[in-house]
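Dock chain B against the given chain A, drawing on the hints supplied.
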Amino acid sequence: MKLFLVALCAGVLATNAVAQPSTADAIAKYREMIAEGNPAELYEAKGESIWKKADGPKNASLEKCDLGLGAGVVKGAYAQMPRYFADTDRVQDVESRLMTCMETLQGFNAAEIAKTPFRRGKKGDLEAVATYIAGLSKGMPVNVVPKHPKEKEIMELGRRAFFMQGGPYDFSCATCHGAEDQRIRLQDLPNITTAEGASKGWTTWPAYRVGNGQMWPMQHRLNDCYRQQRWPEPIYGSEVTVALSYFMANLSNGATMATPGIKR
Amino acid sequence: MMMKTTTMLLAGLLAGCAMPAANDAKMDARFDAMLKTSFEAKGIATLDRLQQDETQKLCSDPVQAVSKEAAPMRAKLEKKNLETVKWPSNGKYLGDWKEGEKIAQSGRGMTWSDKADAANGGNCYNCHMIDKAEISFGTIGPSLWNYGKLRGVTDPTSAAAQPVVQYTWGKIWNAKAYNACSNMPRAGHMGILNESQIQDVMALLLDPKSPVNQ
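Chains A and B, in that order, give the protein sequences.
Taking my numbering, the leading residue of the first sequence gets 24, the next gets one more, and so forth.
Taking my numbering, the leading residue of the second sequence gets 2, the next gets one more, and so forth.
Bear in mind the hints are in silico, worked out from the structure with no lab data behind them.
Be careful, since some hints might not be right.
[Unchecked claim] Cut-off 20 Å, straight-line C-alpha distance, at most; resulting in silico cross-link-like pairs (SDA-like, lysine to any residue):
no. : chain 1 : residue 1 : chain 2 : residue 2
1   : B       : LYS43     : A       : ILE207
2   : B       : LYS133    : A       : LYS175
3   : A       : LYS138    : B       : GLU41
4   : A       : LYS138    : B       : THR47
5   : A       : LYS173    : B       : LYS103
6   : B       : LYS37     : A       : ILE258
7   : A       : LYS175    : B       : ASP29
8   : A       : LYS138    : B       : ILE45
9   : B       : LYS43     : A       : ASP247
10  : B       : LYS43     : A       : ARG142
11  : A       : LYS175    : B       : ALA26
12  : B       : LYS103    : A       : ILE207
13  : B       : LYS27     : A       : PRO172
14  : B       : LYS58     : B       : MET191
15  : A       : LYS138    : B       : LEU48
16  : B       : LYS43     : A       : LYS175
17  : B       : LYS37     : A       : ARG250
18  : B       : LYS43     : A       : GLN251
Chain B extracted, bound-state conformation:
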């Protein structure tokens, strides 16, 4: 499930050609001033969305993000992100794969043209192949076809399956827990999907009866 680091590598090559030093404080201030005058709140998309957390800050510098020196920082951020993961309150990791498929299909939610009370989608097919029956899928993320089957999950409640099941939950809840600059959104941590929606998406990936595992 590791996202491609080639994105960052290419970006790094490009940034290497850019002119001023990346950590130029004057330019930092200039950039912040530009942001302040360039955006306005619209609908549910308020200006506080431009306030970056530490993870977003590191990953916004394509050179720094993949540098050797930043390795401890990446590890620290991954640990911090892992600590945000809320494990299922009822101990149940898997919900209904049919609902999960609907959530995976939906790309709705959190834009300024979405309503605050509308259910968010998972945007999963935008970036991943999941059920092969859906031919309109993106390629920014890896294929998830046969996700559970390939990992030998025959009974998701078994002790043997727990490492995969828990990793998958953690990855969906907060993708940055395992790769600080993954391109994947932090569905649980950022409030994109709620617990029961994540249970349903989990079932789509891990339920032996899900079409994904046929």
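So here's chain A without its partners, still in its complex pose:
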């Protein structure tokens, strides 16, 4: 069972000449089975109730939060993020946008939320809300194309960040995600430099991870990538994380959102 789970790759089952087909088939069947009852649904339900509940020093809900389609519009919003927001004058992904809304609407301190460990306290709440929001874009096409100058800029920043080598292992994102049909151990790696590969990643997070029973939005996923790259820690919601998300979302443009996902 352990090997089975190890083999179960992150939303990607690219045909691989070296992979044992019987294992891959079994994994595909397993994923189909668990997708029927993705525990992410619990987080979506939790996120919806947090979205609607009055909370914080200002005792307000998040229902007036503008995710880019107008105050309170959730359906389809995730598929069009990250995007430029005039009120903050920057490009934001869903998680950095929610920090803004929790601060401005509810009176929470965004910097404190950023510092809170994953899955705890208000960050845990935020992650559930992000899962709820992502779920309401399921089946919709990604629509992330740079128009605003800051969107054009962040796309280029994201591209550079993707290829930047650093740390004691000389790793960049491209080291693992820059070519077709590659694996780390038994785990297939999407080639994020292509539309197909980028969308395999982008359209399936937030995801429930069966192996550790945790719900991970994209910020947590990127954080763990950088840990394994032997880099210092990316700050939650920081520009590099939004830039990388923008890069992946733009390359995935037109692909269908399959959120929330389920992974090994």
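Just chain B now, with coordinates in the frame of chain A:
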């Protein structure tokens, strides 16, 4: 042992579609500013890890890295990396393949969740097939199954075996000495593995008694 250049080729195709000129100084400054505000030190993973050396700089530009114009630069960097290789102080290239197998299996070390005093692994199986008995292996690097046997190494101490033995040591110590933008980490140069660990990994690959060469 040359790493795939297809990575870079694909990347190059993609980058060709990107908008601003790659060498835009304003964008360079903007990128540096982004890095400064986006990362913080955690555990042993300190911010100086974002300071790139020349090799990392060149290889971070997927177009430039494989360009014809950069060929002299690549050669220069390979020479510089080769000069960093520390040859075994006791003249002994091969240690114990059993220890080498353990090191090759371990993917630990140097993340912010690792302790400073913990022994680092070699991460070898993450990217390479090595002993065929281990079916959980990665494919970013080439297969190393029968590494010594395929290269005709029957006695690693013989004069005939020296070119292969020395190349392998150099490749593990500093992979960029032979291919400036190889995906393989520089195990010795970056302090990932120490001399005795590299001797053990060498034995795994080159000892005629190692399971790799059966």
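Exercise for the section: Below or equal to 20 Å on CA atoms is what counts here, so check B/LYS43 against A/GLN251. Expected result: 13 Å, holds
Exercise for the section: Verify the proposed pairing of A/LYS138 with B/LEU48, using a straight-line Cα cut of 20 Å. Expected result: Holds, at roughly 18 Å.
Handout entry: Straight-line alpha-carbon gap B/LYS43 to A/ARG142, limit 20 Å
Key = 18 Å, holds
Practice task
For the pair we were handed, B/LYS133 and A/LYS175, check the Cα-Cα distance against 20 Å.
Solution key: 48 Å, violated
Problem - 20 Å Cα cutoff - pair A/LYS138, B/THR47 - result: 17 Å, holds
Exercise for the section: Starting from A/LYS175, check that the Cα of B/ALA26 is at most 20 Å away, please. Expected result: 16 Å, holds
Handout entry: Restraint check for A/LYS138 with B/ILE45, where alpha carbons must lie at most 20 Å apart
Key = It holds: about 18 Å lies between the C-alpha atoms, which stays within 20 Å.
Problem - Hinted pair B/LYS43 and A/ASP247, Cα distance within 20 Å - result: Satisfied, since the Cα-Cα distance of roughly 13 Å is no more than 20 Å.
Handout entry: Distance restraint between B/LYS37 and A/ARG250, which requires alpha-carbon spacing of 20 Å or less
Key = Cα-Cα ~17 Å, so holds.
Exercise for the section: Take the C-alpha atoms of B/LYS37 and A/ILE258, compute the straight-line distance between them, and say whether it is at most 20 Å. Expected result: OK: B/LYS37 and A/ILE258 at ~11 Å, within 20 Å.
Practice task
With a cut-off of 20 Å on the C-alpha distance, tell me whether B/LYS103 and A/ILE207 pass.
Solution key: 17 Å, holds
Problem - Distance restraint between A/LYS175 and B/ASP29, which requires alpha-carbon spacing of 20 Å or less - result: Given pair A/LYS175, B/ASP29 holds - Cα atoms ~15 Å apart, limit 20 Å.
Taken one by one, the earlier hints fail for this structure at numbers 1, 2, 5 and 16, listed in ascending order.
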